[in-house]
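With the hints as constraints, model all of the structure from the sequences given.
Protein chains: 2
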Amino acid sequence: MSTRDDQPSESANAGGEQVVTPWDVAGGADGKIDYAKLVNEFGCSTIDDALIARIEKVTGCRAHPFLRRGMFFAHRELDQIVTAYEKGEKFYLYTGRGPSSEALHLGHLIPFHFTRWLQEAFKVPLVIQLTDDEKFLWKSLKLEDARRLARENAKDIIACGFDPRRTFIFSDVNYMCTPFYLNVLKIAKCVTFNQARGIFGFSGESNIGQVGFPPTQAAPAFPDCFPHLFGTDKKSLRCLIPCAIDQDPYFRMTRDAAPRIGGYKPALIESRFFPALKGESGKMSASDPTSAIYVTDTPKQIKDKVNKYAFSGGRLTVEEHREKGGDLEVDISWKWLNFFMDDDDKLRTIGEAYGSGAMLSGEIKKELVECLTPMIVAHQEARAKVSDAVVDQFFSTAPRDFDSMFGELVGDAPAPSEGPVSFQGGENLVASNAPVPAVAGGEGNEGDDAGAAAAGGDQPLSKSELKRIAKEKQIAEKKAAKAAEKAAKAAAAAQ
Amino acid sequence: MSTRDDQPSESANAGGEQVVTPWDVAGGADGKIDYAKLVNEFGCSTIDDALIARIEKVTGCRAHPFLRRGMFFAHRELDQIVTAYEKGEKFYLYTGRGPSSEALHLGHLIPFHFTRWLQEAFKVPLVIQLTDDEKFLWKSLKLEDARRLARENAKDIIACGFDPRRTFIFSDVNYMCTPFYLNVLKIAKCVTFNQARGIFGFSGESNIGQVGFPPTQAAPAFPDCFPHLFGTDKKSLRCLIPCAIDQDPYFRMTRDAAPRIGGYKPALIESRFFPALKGESGKMSASDPTSAIYVTDTPKQIKDKVNKYAFSGGRLTVEEHREKGGDLEVDISWKWLNFFMDDDDKLRTIGEAYGSGAMLSGEIKKELVECLTPMIVAHQEARAKVSDAVVDQFFSTAPRDFDSMFGELVGDAPAPSEGPVSFQGGENLVASNAPVPAVAGGEGNEGDDAGAAAAGGDQPLSKSELKRIAKEKQIAEKKAAKAAEKAAKAAAAAQ
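Residue numbers (full-length UniProt numbering), protein chains in the order written: chain A, 1 to 495; chain B, 1 to 495.
It should be emphasised that the hints constitute simulated quantities derived from the structure, not laboratory data. A few of these clues could be false.
Unchecked claim - Computed beta-carbon distance windows for the label pairs: (1) A:S285 / B:K123: 56 to 62 Å; (2) A:V410 / B:S432: 41 to 47 Å; (3) B:K32 / A:V19: 51 to 57 Å; (4) B:S432 / A:A382: 39 to 45 Å; (5) A:S432 / B:K385: 37 to 43 Å; (6) B:G419 / A:P420: 18 to 24 Å; (7) A:G88 / B:G198: 53 to 59 Å; (8) A:P420 / B:D401: 18 to 24 Å; (9) A:N433 / B:S387: 29 to 35 Å; (10) A:K123 / B:T296: 52 to 58 Å; (11) B:T296 / A:K87: 50 to 56 Å; (12) B:S432 / A:S432: 31 to 37 Å.
Stated by the list, open to error - Over the 10 Å line for every Cβ pair with chain B, so calculated as not near, a few chain A residues: (13) E41; (14) R68; (15) V410.
Stated by the list, open to error - Rough simulated footprint, nothing fancy, chain B against chain A, three-plus residues with beta-carbon under 8 Å: (16) 126-137; (17) 212-221.
Think of the CB as a built atom: it goes at the ideal place given N, C-alpha and C, for glycine as much as any other residue.
Spelled out as structure tokens, the structure:
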């Protein structure tokens, strides 16, 4: 998705109409996004207090600030996920990023911080897609560079604190394999060029890689893309996708395709856009380093940028400010504190002080600097610990134990194992204990043609599966025979 | 390619203009294809006697009837392939089939018989693509059925006599992997929707899988799609593609993309269309079993179909026939004998006798039946011997020895090995002795970003490569240590 990498800031649209697509976000005449209108247009729902309360109750966790303060404000069928979860049904999380820039800015961290919270609250597995293919197709970027950026960005994602025991990170180029490709094909067959043009704004000048790409972002919403995690049964797991609301069109398409390819419609939990440093209608741009705070910025850079560039709702003179108070509607320091300050009481106090004029612009900026600096320093420390071996551990397609990815994890994550790691999936890599398809060849259900039977299932095995097992047995026997021979020789030599 | 599976027969176009695309073939007002016009329009070249003589000289083989009788009549840069070969340069062959039907008809065998001859004459490796993905996207076919048909059709292809030591057959769905996908992406970025619409006739109602498909057929023209065969150097091998001329648009697109992605333009050798049983302007259709001879037909079916349905150039009465002679321009028995009768002298005699009226329609049909029957019986016998294990052998992505695929092969092909076989490629499967990229990061050359260095190369290794090797070494050492431990235990137990 083009804007996964570049969380769009709002800007006024010349025509006065707001435009929100995965590639363009422009506010209405006043430069602002009318989120209520967006929810209405897209046909998604607003997250209400009752739903938040249900989430808190079933997870036993206090809602994340992004949730309780309305940054993640819209959804599709999140209530159904919660209902299913209340009944003991399993689901997994799917999010992603388009790796087109070297360093991430604060806005890029929002979905990952929130996803980590969701994962820890619900204790479920997570897949994170890095769309190096998409970045190559859309940007003036070499494939080798897109692939390198995918690994670099993965380090920042891992630094957000994910656990490798239930988190799989993949680059599309690395992972592309039969089970993934099967889903891409099935989804692609459901969408015409005209439909894709309507959803994504393609034109005759779009390259055919771009036109063919959306199913690649849609596919990970179906668990049988990942037999090494979830087995081969598309009906076995629901999926919940945390993302910014501009990605909604991708997943509307995915949800339309879902019943036709025999899968659950993925549920969505959608965020507002992160406001840019220079003001809500400005842009955070990699070409202008003063437009955003990056995760690589030093404490001095953070302080300088906030003081110089953070758009202020303060008044022209101290006298006027004391009289009218700061304008919370436009003040970026206030808005960012709402994202990153966990302490509700302290936040309320700051808001009251600043809004009443008791607190000056320089003072609220100081609060923001003091909030951001330790957070970014901690991120940098965490990232420094993410070695190549740790990245390999998250990228590894070694089959997992299905059950072990759900519920409480005991102790620390294991150290990355030594030895070569494969990043590519396959039909033969199937998680142990994964659910097996209930009925083969169901109506309109093509989810069962991935071919490889899940290990440990009690379904009748196909001919080719039986053959494969027989062959594996033969190989194992041969190996054993060879080992025995070797041992005998060694024994003879030892005597 | 939509017609790889369904070698198109010619039919009159209502507009009177001939149309030849990978999906539609219609002759001009008279129902016939004007091949000279086609060569001119497409911008390819005619194969002349001098080029055939050069091929015979450099290979030391008499030209195949399809070549010396002009069935394979057009080319692109075939002369350059021959020149390079004369200088000792290597190349590989690439052909394919769209697996949409259960049984192949005679027209389907043409490219494979000819490709086998090319392979044996030039002693080079061959890759055969089965586009199960394409058939799924275009036809009302389940993916599982397209995949099954790919394996079934592979048996007929193998029965044409290919040698597994230098022939790799793959289904797109099975093989889809990083090195393949890298080439698909690079080609896709070079082609706009408008261009693809011009070349392939896509419309707004085409599904986005169809729009995105052409690069998947183009990619195998680049050797680094197959590191397990050819290594990772796109510059190391030229490619020659035997195909019917309706596939020319695919490979025009491929040739346009080639320099932009750092590869050789593939050369082409192109055939006319195989005439349908009921006459050149009829259609061979799977829904009408009397329209073609299938490789599954019994001798009785062959005899009956030829006698009943083969369009005859004979005259209405014996008297008229004796007087005017048979019409060789339209007689299907005569045309088919030109394809399948190897003996030039006998063929000439038949042509003279039939054309002069000395031979009657029933008699030339008898000649055809006697020519076809043993050929089809032999095909059926050969196909019966193609076990699943043999198919696996051709599909296997186990790395080959590069050099061993060129030049004379000694002895018979080995029996298929036991044990599980992987059909999916990967960056880590690299042929031994394969050429390595000469210079990294050359101008416009993205052929070197596949990542995995070829084994045995003397190029400086990348950091990650060195790391991988170190890891592999560690693993090998661990294994050795374990084996030694086991042996010691066994020795102890034996004492």
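Now the hints, each set against the structure:
1. A:S285 / B:K123: 56 to 62 Å: holds, 57 Å
2. A:V410 / B:S432: 41 to 47 Å: About 45 Å separates the Cβ atoms of V410 (chain A) and S432 (chain B), which means 41 to 47 Å holds.
3. B:K32 / A:V19: 51 to 57 Å: holds, 54 Å
4. B:S432 / A:A382: 39 to 45 Å: holds, 42 Å
5. A:S432 / B:K385: 37 to 43 Å: holds, 38 Å
6. B:G419 / A:P420: 18 to 24 Å: Hint holds: Cβ distance 20 Å, inside 18 to 24 Å.
7. A:G88 / B:G198: 53 to 59 Å: 55 Å Cβ-Cβ, so the 53 to 59 Å window holds.
8. A:P420 / B:D401: 18 to 24 Å: Since the Cβ atoms of P420 (chain A) and D401 (chain B) sit about 22 Å apart, the hinted range of 18 to 24 Å holds.
9. A:N433 / B:S387: 29 to 35 Å: holds, 34 Å
10. A:K123 / B:T296: 52 to 58 Å: Hint holds: Cβ distance 56 Å, inside 52 to 58 Å.
11. B:T296 / A:K87: 50 to 56 Å: Given about 53 Å between the Cβ atoms, the range holds.
12. B:S432 / A:S432: 31 to 37 Å: holds, 34 Å
13. E41: holds, 23 Å
14. R68: holds, 39 Å
15. V410: holds, 27 Å
16. 126-137: This one holds; 3 residues, not fewer than the three required, reach chain B with a Cβ under 8 Å.
17. 212-221: holds (count 4)
Against the hints set out earlier in the document, no violation occurs for any number.
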